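Protein chains: 2
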Amino acid sequence: MTLAEYKLTDCADCPIRHRAVCARCESDELEALDAIKYYRSYEAGQAVIWSGDQMNFVGSVVSGIATLTQTMEDGRTQMVGLLLPSDFVGRPGRAGAAYNVVATTDVVMCCFRKKPFEDLLAKTPHIAHRLLEMTLDELDAAREWMLVLGRKTAREKIASLLSIIARRDASLSTDPSSGAVSFDLKLTREAMADYLGLTLETVSRQISALKKAGVISLEGKRHVTVPDMRRLIEEAGDDSDGGLVG
Amino acid sequence: MTLAEYKLTDCADCPIRHRAVCARCESDELEALDAIKYYRSYEAGQAVIWSGDQMNFVGSVVSGIATLTQTMEDGRTQMVGLLLPSDFVGRPGRAGAAYNVVATTDVVMCCFRKKPFEDLLAKTPHIAHRLLEMTLDELDAAREWMLVLGRKTAREKIASLLSIIARRDASLSTDPSSGAVSFDLKLTREAMADYLGLTLETVSRQISALKKAGVISLEGKRHVTVPDMRRLIEEAGDDSDGGLVG
DNA sequence: TTTCGGCTTTGACACAGATCAACCAGAGGC
DNA sequence: GCCTCTGGTTGATCTGTGTCAAAGCCGAAA
Numbered sequence: 001m002t003l004a005e006y007k008l009t010d011c012a013d014c015p016i017r018h019r020a021v022c023a024r025c026e027s028d029e030l031e032a033l034d035a036i037k038y039y040r041s042y043e044a045g046q047a048v049i050w051s052g053d054q055m056n057f058v059g060s061v062v063s064g065i066a067t068l069t070q071t072m073e074d075g076r077t078q079m080v081g082l083l084l085p086s087d088f089v090g091r092p093g094r095a096g097a098a099y100n101v102v103a104t105t106d107v108v109m110c111c112f113r114k115k116p117f118e119d120l121l122a123k124t125p126h127i128a129h130r131l132l133e134m135t136l137d138e139l140d141a142a143r144e145w146m147l148v149l150g151r152k153t154a155r156e157k158i159a160s161l162l163s164i165i166a167r168r169d170a171s172l173s174t175d176p177s178s179g180a181v182s183f184d185l186k187l188t189r190e191a192m193a194d195y196l197g198l199t200l201e202t203v204s205r206q207i208s209a210l211k212k213a214g215v216i217s218l219e220g221k222r223h224v225t226v227p228d229m230r231r232l233i234e235e236a237g238d239d240s241d242g243g244l245v246g
Numbered sequence: 001m002t003l004a005e006y007k008l009t010d011c012a013d014c015p016i017r018h019r020a021v022c023a024r025c026e027s028d029e030l031e032a033l034d035a036i037k038y039y040r041s042y043e044a045g046q047a048v049i050w051s052g053d054q055m056n057f058v059g060s061v062v063s064g065i066a067t068l069t070q071t072m073e074d075g076r077t078q079m080v081g082l083l084l085p086s087d088f089v090g091r092p093g094r095a096g097a098a099y100n101v102v103a104t105t106d107v108v109m110c111c112f113r114k115k116p117f118e119d120l121l122a123k124t125p126h127i128a129h130r131l132l133e134m135t136l137d138e139l140d141a142a143r144e145w146m147l148v149l150g151r152k153t154a155r156e157k158i159a160s161l162l163s164i165i166a167r168r169d170a171s172l173s174t175d176p177s178s179g180a181v182s183f184d185l186k187l188t189r190e191a192m193a194d195y196l197g198l199t200l201e202t203v204s205r206q207i208s209a210l211k212k213a214g215v216i217s218l219e220g221k222r223h224v225t226v227p228d229m230r231r232l233i234e235e236a237g238d239d240s241d242g243g244l245v246g
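Protein sequence lines correspond, in order, to chains Z and A.
Under full-length UniProt numbering, the first residue of the first sequence is numbered 1, with each subsequent residue one higher.
Under full-length UniProt numbering, the first residue of the second sequence is numbered 1, with each subsequent residue one higher.
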């Protein structure tokens with residue numbers, strides 16, 4: 001892949017993911033990246049990596065959605081991050097994976113063997129810098145989510161999740177006249193529950209409640225339309241614009 | 001301050017905080033750090049920075065404890081990080097603070113004006129690398145805390161918090177014969193509640209319950225003794241050793 | 001077409017933790 | 001000595017969410 005192609009794809013499958021950075025990239029750096037790069041696909045439901053396993057690559061999601069979860073021995077699980085296209089996976093400098101990574105839809109990842117990637121990182125400061133930026137973003141997202149988990153009601157939690165997905169989902173469409181936003185919910189009620197620290201029954205009930213209140217409307221079980229985003233954000237109890245997903 | 005002094009203090013007040021890194025430091029880098037460094041003290045209860053404010057420095061805690069909190073308009077607050085000595089504060093590359101930082105005890109911080117620090121960061125790759133490491137640690141801690149907030153019971157939450165403090169608190173003392181660990185709790189019940197997503201009454205009740213069960217014992221309200229750490233960890237429902245605080 | 005299994009909804013009820021309220025203990029200040 | 005203030009404990013009650021159970025929906029397989 002050439003420099004031009006990296007630009008073309010807006011670096012969705014480059015671990016540095018950001019056009020501004022790549023514009024600065026030297027082409028020999030890109031060639032170095034190419035040399036250690038490979039693609040992998042995972043089917044919906046398939047595990048990318050288990051917590052504790054040796055993780056010999058890093059990479060980023062090209063398409064599909066994956067989840068980052070932690071589980072207790074008794075089976076209680078908490079999602080700690082949602083990986084959308086262009087999100088980075090892996091921790092340079094760490095031997096093992098800290099979480100389970102599971103594909104919830106079919107997923108394609110762009111991977112780099114870890115050792116060579118780390119070598120590259122040591123040699124090219126602005127890749128390291130970009131990675132720091134991304135990690136800080138994830139940290140912000142994680143901390144925002146701590147507020148959601150610790151202090152919001154079930155209804156606010158649902159509204160928060162829908163806001164975040166609406167904001168990030170690339171496939172969202174906005175009706176220019178009404179301003180209505182709609183998108184496909186690519187998570188099951190159970191996955192939402194795991195993200196929000198709720199049970200799937202409560203998720204279902206609160207979605208029904210938001211529907212009844214006219215904050216959202218549904219076509220089928222998974223296609224959501226938000227007639228007025230401000231209303232949804234208000235339901236989320238949002239102090240701010242919110243962050244992105246981890 | 002000289003290289004020797006940085007080593008002497010184990011870099012507690014160096015933003016890079018780790019002896020192994022500093023051993024690699026070139027002395028001119030340290031001089032560059034010295035040139036932009038200054039100290040600041042805060043009294044217990046005083047705010048270091050408010051969310052949204054311009055933040056023109058980064059730094060690390062030398063002594064005392066500070067908290068990172070987020071607040072909703074209606075006053076609900078959630079602590080998103082606990083800053084113990086040697087923890088880093090601030091986000092290179094970001095203009096404003098994302099959280100409130102408040103000193104809970106008297107605090108001394110070692111600060112660096114942000115711009116010069118960022119310049120230094122750009123020039124010295126291994127400082128950047130160390131910062132990435134630290135940010136990844138914080139991310140792990142935040143995600144571990146998401147499991148606590150989302151899925152643990154009040155009792156498990158308290159046990160988790162006590163485990164973490166016992167593990168990290170430098171002033172902890174271990175009785176070599178019995179293996180009992182004891183430490184001073186430097187947070188009010190309310191601060192604990194804000195960290196755990198509970199009310200202060202529930203915190204109080206659960207601490208009493210753990211005391212009655214013999215998992216911990218108290219002298220006064222704040223000095224905690226843990227006769228058997230394994231027991232406490234078991235109460236925390238801990239799948240793993242756990243992380244550190246953010 | 002029927003059947004099946006995964007996902008979702010809905011209801012009845014239980015319970016952990018919130019809320020409201022009273023009281024207690026220790027540290028200053030006077 | 002007493003007063004007051006902050007932080008902590010404990011009790012009674014309420015409620016949001018979990019739990020258990022039943023039934024509905026819909027796409028895929030047979």
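What the hints contain is simulated information worked out from the structure, not anything from laboratory work.
Being a predicted model, the structure only gives us computed values, none of them experimental.
Ideal Cβ placement from N, Cα and C applies to all residues, glycine included.
There's no promise every hint is true.
[What the hints assert, rightly or not] Okay, derived cross-link-like pairs now, DSBU-like style, lysine-lysine, Cα gap no bigger than 30 angstroms in a straight line:
| no. | chain 1 | residue 1 | chain 2 | residue 2 |
| --- | --- | --- | --- | --- |
| 1 | A | K123 | A | K212 |
| 2 | A | K186 | A | K37 |
| 3 | A | K211 | A | K186 |
| 4 | Z | K123 | A | K212 |
| 5 | A | K37 | A | K115 |
| 6 | A | K186 | Z | K123 |
| 7 | Z | K186 | Z | K37 |
| 8 | A | K212 | A | K186 |
| 9 | Z | K212 | Z | K186 |
| 10 | A | K123 | Z | K115 |
| 11 | A | K221 | A | K186 |
| 12 | Z | K221 | Z | K186 |
| 13 | Z | K37 | A | K123 |
| 14 | Z | K221 | Z | K211 |
| 15 | Z | K123 | A | K37 |
[What the hints assert, rightly or not] Short, incomplete list of chain A residues facing chain Z, as computed with Cβ under 8 angstroms:
| no. | residue |
| --- | --- |
| 16 | R91 |
| 17 | L120 |
| 18 | P125 |
| 19 | E138 |
| 20 | R143 |
| 21 | I233 |
Let me make sure I understand: some of the numbered hints might not hold for this structure. Which ones are they, in numerical order? 1, 4, 6, 17 and 21
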